[in-house]
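So in the UniProt record's numbering the end of the sequence shown lands on 513, straight run, no missing numbers.
Note that these hints are calculated values from the structure, not bench results. Honestly, I wouldn't trust all of these hints.
[Stated by the list, open to error] Simulated pairs of lysine to aspartate or glutamate, EDC-like, Cα-Cα distance not exceeding 20 Å:
hint	residue 1	residue 2
1	415	402
2	292	402
3	465	402
4	465	478
5	17	90
6	465	476
7	130	160
8	130	182
[As the list claims (entries may be wrong)] Pair ranges (Cβ atoms, derived):
hint	residue 1	residue 2	range
9	123	226	26 to 36 Å
10	249	473	30 to 40 Å
11	234	124	39 to 49 Å
12	171	40	34 to 44 Å
13	291	218	18 to 28 Å
14	125	226	30 to 40 Å
15	33	237	17 to 27 Å
16	262	398	35 to 45 Å
Glycine included, every Cβ here is placed at the ideal spot set by N, Cα and C.
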Amino acid sequence: MFGVGLHFSLKDLISVKAIAVPGALLQITASIVIGAGVAWALGMSPGACLIFGIALSVASTVVLLRTLQEQRLIETERGRLSVGWLIIQDLVTVLALVLLPIFAPIMSGGSNSSISLSGLAVAIALTLGKVAAFMALMLVIGRRVIPAILHYVAHTGSRELFRLALLALALGVAFIATEWFDVSFALGAFVAGMVLSESELSHRAAAETLPLRDAFAVLFFISVGMLFNPLVLIRQPVPLILTFLVILIGTPLAVIAILRLLRQPWNTTLFIASGLAQIGEFSFILAALGMKMKVLDGQAQDLILGASILSILSNPFILMATQRIEAWITRHSPAPETPAKDEGGILLPPPAPTALVGHAVVVGCGRVGRLVVDGLVQNGWPVLVVETGKIPDSLAALPDVELMLANAAESRVMKAMNLEQARLLMVAIPEPFEAGQIIAQARSLNPGLRIVARAHFDSAVDHLKELGADHVIMGEREMALAMLAMTMDDLPFDGRPPLTDPGNEEGIEPLPA
1 MFGVGLHFSL KDLISVKAIA VPGALLQITA SIVIGAGVAW ALGMSPGACL
51 IFGIALSVAS TVVLLRTLQE QRLIETERGR LSVGWLIIQD LVTVLALVLL
101 PIFAPIMSGG SNSSISLSGL AVAIALTLGK VAAFMALMLV IGRRVIPAIL
151 HYVAHTGSRE LFRLALLALA LGVAFIATEW FDVSFALGAF VAGMVLSESE
201 LSHRAAAETL PLRDAFAVLF FISVGMLFNP LVLIRQPVPL ILTFLVILIG
251 TPLAVIAILR LLRQPWNTTL FIASGLAQIG EFSFILAALG MKMKVLDGQA
301 QDLILGASIL SILSNPFILM ATQRIEAWIT RHSPAPETPA KDEGGILLPP
351 PAPTALVGHA VVVGCGRVGR LVVDGLVQNG WPVLVVETGK IPDSLAALPD
401 VELMLANAAE SRVMKAMNLE QARLLMVAIP EPFEAGQIIA QARSLNPGLR
451 IVARAHFDSA VDHLKELGAD HVIMGEREMA LAMLAMTMDD LPFDGRPPLT
501 DPGNEEGIEP LPA
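Build out the structure end to end from the sequences listed, making use of the hints.
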């Protein structure tokens, strides 16, 4: 979570609040109802049904973030929405952990138990107040103190000390969040990383913490395996399958319905739905609390743990199936007509059609897209740049460059780009789903259009070529080929051993001739 916070900012979090907050709350409610219904069918008590439903409604942060990191989607729109969704689930879990013990007497079946409304209101207000106090402390004081400490450590020139300071800050802030403010450990670490993301040391911090993030991810999966009781597969196969189906089918269907109701595109909807089709650490904590309150029994806890294992194992296959479904939707249906938005979430008017003919269209003007635009302009191409976020002011000064602030995947934007009379389409965005949607529509509009795209993985290369791209450039492969091309011509290998220096008495091997 600290590593994710390094790639996230408060502005990113605010930009997705209109979708993440109502979406996550509705999804949690729907999943609780479905999970509680299954628990009721299995003969559990009302209190056990509630805890069972809550445990099945919150996804594993580790699993989904691992997927976002591997596919390099954290800084994309769907990545920000996924992280925002997880944060809302985290806050709801924190609130549930505080409120469930208050309801323990009733859930355990006590005949004389009652709940004080004033006590309940105080507990809710206290919990929300602690979360707000922690966020205020980090945004007011932590934003100044944490970067200042790391800058001081960085000036020592010790890489080991810098890495140790990062670990101490991440764990220290997470510990303070848990012990002083009753905020979850993961949320505390995320906020620490988000505060540091505004410092110029954030990129170095992300690189230094990568081995630690991998180590903690491995420990998480090991701990899940240690908690699992394999006998549940033999003793309770039907209840286990029903529990697994709540996670595999119930939650994704609820997410799809909610996001489509909120007018989100299919690629974002399917990705988030498949990413949330698993449960993990928060479910274990809720199950342990239910056991401690003597509301859940050991069999219910085994069902939660068993379903978690199955959902985590099946999640990669669900994501692969989602990619195929999304590709099929892209090929057989037009892009959803969702209003374009800028970084602040403000609705944009429909873009004016371009008057360019025989031009090149560049989708995305990040680091790669900007280099592409510069090269095209130097070679005399008229260029249309299409971008959903902020367009650098320096691009407006370039000759023969027209700018369009819009989502290139929308059908109305496709028409405005005049692809029928364009000669070249350069898709410079890293997200394979959005790129595939753009490529498929462009190919249908202009079968003779030359399309070049970028990708990070071999699977993405095949995916984009299937949808109509003529060439797909994978950065790592092109860098390797360029390194070889720069050396093989000048230093051909002829099978001779390296030259030796008879006067070399210190045993240092000389460079080859």
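Each hint tested on the structure:
1. 415 to 402: Satisfied, since the Cα-Cα distance of roughly 15 Å is no more than 20 Å.
2. 292 to 402: violated, 64 Å
3. 465 to 402: The given pair, whose Cα atoms are some 28 Å apart, is violated under the 20 Å limit.
4. 465 to 478: With Cα atoms ~17 Å apart, residue 465 and residue 478 stay inside 20 Å; holds.
5. 17 to 90: holds, 15 Å
6. 465 to 476: holds, 18 Å
7. 130 to 160: violated, 34 Å
8. 130 to 182: Given that 20 Å is the threshold and the Cα spacing comes to 7 Å, the pair holds.
9. 123 to 226: 26 to 36 Å: Holds, since residue 123 and residue 226 (Cβ atoms, about 33 Å apart) stay within the stated range.
10. 249 to 473: 30 to 40 Å: holds, 38 Å
11. 234 to 124: 39 to 49 Å: Once the Cβ atoms are compared, 42 Å apart, the range 39 to 49 Å for residue 124 and residue 234 holds.
12. 171 to 40: 34 to 44 Å: holds, 41 Å
13. 291 to 218: 18 to 28 Å: holds, 26 Å
14. 125 to 226: 30 to 40 Å: holds, 38 Å
15. 33 to 237: 17 to 27 Å: For residue 237 against residue 33, whose Cβ atoms are near 24 Å apart, the range 17 to 27 Å holds.
16. 262 to 398: 35 to 45 Å: Given range 35 to 45 Å: holds, Cβ gap about 37 Å.
The structure does not agree with the numbered hints 2, 3 and 7 stated previously, though it agrees with the rest.
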